[in-house]
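Protein chains in written order, with the numbering used here: chain A, 1 to 218; chain B, 1001 to 1386.
Errors might be hidden in some of the hints.
Within a straight-line C-alpha distance of at most 30 Å, the following computed DSS-like cross-link-like pairs (lysine-lysine) qualify [as the list claims (entries may be wrong)]:
#: 1; chain 1: A; residue 1: Lys140; chain 2: B; residue 2: Lys1070
#: 2; chain 1: B; residue 1: Lys1194; chain 2: A; residue 2: Lys190
#: 3; chain 1: B; residue 1: Lys1252; chain 2: A; residue 2: Lys140
#: 4; chain 1: A; residue 1: Lys196; chain 2: B; residue 2: Lys1070
#: 5; chain 1: B; residue 1: Lys1194; chain 2: B; residue 2: Lys1160
#: 6; chain 1: A; residue 1: Lys196; chain 2: A; residue 2: Lys140
#: 7; chain 1: B; residue 1: Lys1310; chain 2: A; residue 2: Lys196
#: 8; chain 1: B; residue 1: Lys1070; chain 2: A; residue 2: Lys117
Quick caveat, the hints were computed from the structure, so don't treat them as lab data.
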Amino acid sequence: MADETKGSDQPAPPKPSEGAAAASEKPAAPPAATPPAAKPAVPAPPPKPAGPVPLPWESEMVTRLRQRFGSGLQPFTYLGQNYVIADPSIVAQVLQELRDEEQFDYCVDVTAVHYPKREKQFDVVWVLYSFPRNQRVRVKTMIAEAESAPSATALWESANWLEREVFDMFGLRFDGHPDLRRILLPDGWKGHPLRKDYGIIQQDQEWVQINLGIESGQ
Amino acid sequence: MSESTTRTDPILAFEEKKDPTFLDATELVLNMGPQHPSTHGVLRVILKLDGEKVLGTECVIGYLHRGVEKIAEHRTYAMFNPYVDRMDYVAAVSNGLGYCEAVEKLLNVEAPPRAQYIRVILTELNRIASHQLWLGTHALDIGAMTPLFYTFRDREEVLKIFERYCGARLTTHSFRIGGCQYETYEGFEQDVKKFCDFFEPKIDEYEQLLTTNRIWVQRTKGVGILSGPDCKALGVTGPVLRASGVKWDLRKAQPYAAYKDFEFEIPTGQNGDTYDRYLVRVAEMRQSLRIIRQAVEGIPEGAIMAKIPKVLKPPVGEIYHSIEAPKGELGYFVVSDGSTQPYRVRVRPPSFVNLQALNKMVIGGLVADVVAVIGTLDIVLGEVDR
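This is chain B alone, in the form it adopts within the complex (with noise of 0.2 Å):
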């Protein structure tokens, strides 16, 4: 616990100011983390707080620094692939798009449109685990613990559909540089399809649970705001940007894979408050079903591959490619010197990026708050410190 050097006794200063209405109250120091429930992980948040009031933070970062970025520079680019799954592990499908569209750019070669249909589909259904393990997550921070237990039933259907496909769950590896590795299992199309008609009402579940839930909206109405121009500033991207009132999406802005063949809407929000973030994000899952929907009618026939070389070496160059992951834009700048291994990878994870708004968020506010906001960031710590 730090002390500020310039503290007097609160006693004193209550006589000097010889005012009875002034009550001065110390400041105090309190940590929260890093193993606390509501942090999703190992974040260490420094609260400087009047009572119950939060004058600043201050995180505190890096429990679950692993060194991947310097790891890339250690493997060919092959062998890094997996590695990536391993950042934001809950969106591990969307972490591998990322990475092999940008080295797949940096070799000018392109995944073949049946591939990228494979892609789109389990990317989306990724955002939807994603969004599922959030919600149930943050409710249950904030106090409710049912929606945990709805999303995680749910999200287990997606996993089984990943672990069909890939034989995993979680880090699923599900891409190669240059298109996917496996084809599609018998019954690919019709298990997604029976997914998405199993899972729309399940989103209404959620609603009826939360959207009006008094408590809900109490907790989460005018709590964390931030501003469009705020977000922007301070490149906060993915769903909190979109709750801003910013409609903006790099599915739409930069469509990568096949996202351009796919209708869909942005769903916006216009307090930028933890409730329009949450709203904004269940929106979101609809909208990922619809894509879902689109990719499986239209899957094309044909390879899964694109002709690429054995060994990959990547004429020398540099390349930033980023996408919209489903917490925000996901970059990566891959540097190559022409050898197997790439010169540099850098990841521009959004989880981090996101992070550094939390100070703005809760200044002013409850130390409740702080859970929910941290909460509604949708952080992942193995993101945040790679």
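Only chain A is shown next, with the shape it has when bound in the complex (with noise of 0.2 Å):
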């Protein structure tokens, strides 16, 4: 497995047409750990489906957030699930819509997910959570690295610690965050690890010889 090198070559944003061609090479490649006993030839497995695409979604909130935002928002349905993307300069004021409009009212996480060969590198994603209505919501933006996402933290307190940690880990800044600082990893680390860049068994060595008094963490 070429663990170590996975990071930065990954295939950058992905595209329902890469999923295609992924799908359909897949039979090309065996497990390596087969054990020899159990059936060796196993007839290459049905050609999996291309798998499914995201589908418009439409609804009567869509159409309401499509009346108030017009083509800065894009519904997408997703084997069931739906979730808007949102360009980044209305993504604050559509958080605050669904969230007083619409009664989203539990902010369940906030994440990012990085895409290094993207023009904009980030998506933040929030996943949102409404007791009326007993339905979820993703809501996705674009950033690129030197931008910052707004925070909901005014919205739901729940993001505060959840923001935190996505500046940690990806080192993007949440506008209006009242106490934005590592969560998880100690204050003075340098690197943001979640980032495709960060390698899995890198480490902030300064930071371990000073603090730990060894040479390596590894």
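Given two chains presented individually in distinct reference frames, assemble the corresponding complex, making use of the accompanying hints.
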């Protein structure tokens, strides 16, 4: 397994067409560790359907959101889950609207995904849930490294630590966060481990040497 | 020990105010943890105190951070499966269930009914084991030593079933993507039924020890109150949310595995205090027994693995799937780029989010209440830090 090299040569933003290609080349990679006794010549599994693609999502709520935000907002549904991709400029209003008008009263999660080959390298994802409607929706926006995302702490208190974790792991800033500090890693740590260019055994050696008094953490 | 820069000499301040009834007490900053026994692991809480009264807290976490999410990106989907057991290690089965179901959703396959039932039985047994461990340690923190021995004695019976089923007691790795690796062993149903019959009166025993115990009631009633709206704002889920009167359980709200086949109730409290959370969790153990009994009775015959390819390459896409773990909503956000390794796995840990409520719950209380509140939140630091 080329574990350590996976980081930076990831295929950048996933596109449905790439998925189809990856799925069709599937049988070409037999498992390395198949015990010889267990029928070695497994007939190639039937070609996997090219994989579902995100479909446009239509609902009353989407219509209302569209009226307000126009083309800055793209609603999709994928495997029964709904999400909207919003422009970074309007994502704060979208979140506000979802909480105030559409009863999404619970911010389940805030996270990010790094696509180093894309111009706007980061996806920031908010997972929202509405208790009255029993519905989930994900809000997604794409930002570049130098940009910052709006903080949702004023809308949902739960976003506080979640945003701190995103800052810690990805180095993304959230505008309006009351206390944006590292949360899981030590304050003086350099680097943001969940970025794709951060190696899996990489460490802040300097921090380790100063604070732990050992040559290397490895 | 950090001192605020605006601190003045208390005697001077006292004299300046010229008020004989005014007694200025300076703020004391006290470190609790990371090696404090009542913090259930390595949690450091910095307390700001006015005498015995808590003015504010700050949690310092991350001592147990192992980079689980980073590891996921460098393992195949199946290889990462055992790692999730190490997050909430007292409820490893739930972690595995959430992960397997998330990847199954991404692959667009569903585990066969028999596997679903086995999953429900084991997950509910694990919920009982998790609540038993919580009850024992929480009571011990508050000063009641006996429940610890009772609950650990009975938890052993659950772990024995796990051991017979898959060989492991704690980090079971009992499920595989697509179903279960192992068929139930000879006598599994009888063992589980026997456990249900054995354990039901034991819950009464726990209640006999605590529910009307005067010290227990005084230490828990009205302590660490969290209202329903506060819970929702803070994203607090699980028994803590239900004890605040919000009848919400993912097993009912968005049923997964085979939960829609079973009848059970969602126990709730009214006051949202430590005592109600205790009652809710005890009631949950009874409901779990109810689910297990129904599942064992109705367990269907058939395959235990869905037809999935040997090499898992989910199509490009992303999915968020969450389950009701013993601690609350445990979610997995999995992003696939069509390769054999997940592009990103995000774990939404209930303990991490619930711990955020600690500050709100202890302000105005006493130092001793902090211990009670940490216990009642039922956090596992392996999951908080991942």
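Comparing the hints with the structure gives:
Taking the CA atoms of Lys140(A) and Lys1070(B), the gap is about 21 Å. The hint holds against a cut of 30 Å. Restraint check: the Cα-Cα separation between Lys1194(B) and Lys190(A) comes to about 54 Å, which exceeds 30 Å; the hinted pair is violated. Restraint check for Lys1252(B) and Lys140(A): satisfied, since their Cα atoms lie roughly 27 Å apart, inside the 30 Å limit. A C-alpha spacing of about 9 Å is found between Lys196(A) and Lys1070(B), which places the hinted pair at or below 30 Å, so the restraint holds.
Taken as a hint, the Lys1194(B) and Lys1160(B) pair is honoured in the structure, with Cα atoms around 12 Å apart against an allowance of 30 Å. With a C-alpha separation of about 19 Å, the suggested pair Lys196(A) and Lys140(A) falls inside the 30 Å cut-off, and the hint holds. For the given pair, Lys1310(B) sits about 27 Å from Lys196(A) by alpha-carbon distance, which is consistent with the 30 Å threshold. Taking the CA atoms of Lys1070(B) and Lys117(A), the gap is about 19 Å. The hint holds against a cut of 30 Å.
Figure legend: structure checked against the earlier numbered hints; the only hint not met is number 2.
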